Amino acid sequence: DGGITQSPKYLFRKEGQNVTLSCEQNLNHDAMYWYRQDPGQGLRLIYYSQIVNDFQKGDIAEGYSVSREKKESFPLTVTSAQKNPTAFYLCASSIVRGRRETQYFGPGTRLLVL
Amino acid sequence: KQEVTQIPAALSVPEGENLVLNCSFTDSAIYNLQWFRQDPGKGLTSLLLIQSSQREQTSGRLNASLDKSSGRSTLYIAASQPGDSATYLCAVLTGANSKLTFGKGITLSVRP
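Top line first, the protein sequences correspond to chains L and R. Heads up, the first sequence is in the working numbering, so the first residue is 1365 and it goes up one at a time. Heads up, the second sequence is in the working numbering, so the first residue is 36 and it goes up one at a time.
Hints are computed from structural coordinates only; laboratory data are not their basis. Where hints are given, some of them may not hold.
[As the list claims (entries may be wrong)] To give an idea of the chain R side of the interface with chain L (calculated C-beta under 7 Å), a few residues:
hint, residue
1, 77
2, 78
3, 79
4, 81
5, 84
6, 137
7, 138
8, 139
Note that the coordinates shown come from a computational prediction; the quantities given were computed from them, not determined experimentally. Each residue gets a CB set at the ideal place from its N, CA and C atoms; glycine is no exception.
Can you build the whole structure from these sequences, using the hints too?
In structure tokens, the structure reads:
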């Protein structure tokens, strides 16, 4: 089955620790995205990538980093510089970053701070 | 800056009722508008996508309309069922960077 997988489902971070959220897609999509969702809030864009080895900052990139070494994978690292990381993180992909295509979303990772 | 508003934040209706969910946006220069469904603790599922040149889209019991000039969209759900209970998010695609801007969503509860 084609789709987007995210792991883990729940992730716990200690103070000062960097953690990495995984996102993999087998849809052969070029574009991938990371969003953050807080309770009662809309989704906010963290980073996006239109092609391998290229990525751009979204609206709230501070304290986060990404890589895009393979078309299928777009991991997100939440660094210790992100002071309020508790949120629901959603990965998405689309055929191209364009005007007609919908984005397909993964099941999400919930990050909690210990 | 594009802003998307969905009011009310929550809605409870009895089963079988026809209902309308509203979405408004501030910048009418959009490429498309999408409605998504989100179940608790889950990702988003795309329900309907309306291109800027279109007025409506239909899928089963769902119908979405778009009035770009007034900055409004509605999602009509016919004969609501308890399985329709979820959060419904509206999002618009705008700008040179093809940015998707989301509303905060409407949490719908359909009572048996």
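Structure versus earlier hints, numbers of those that do not hold, lowest first: none
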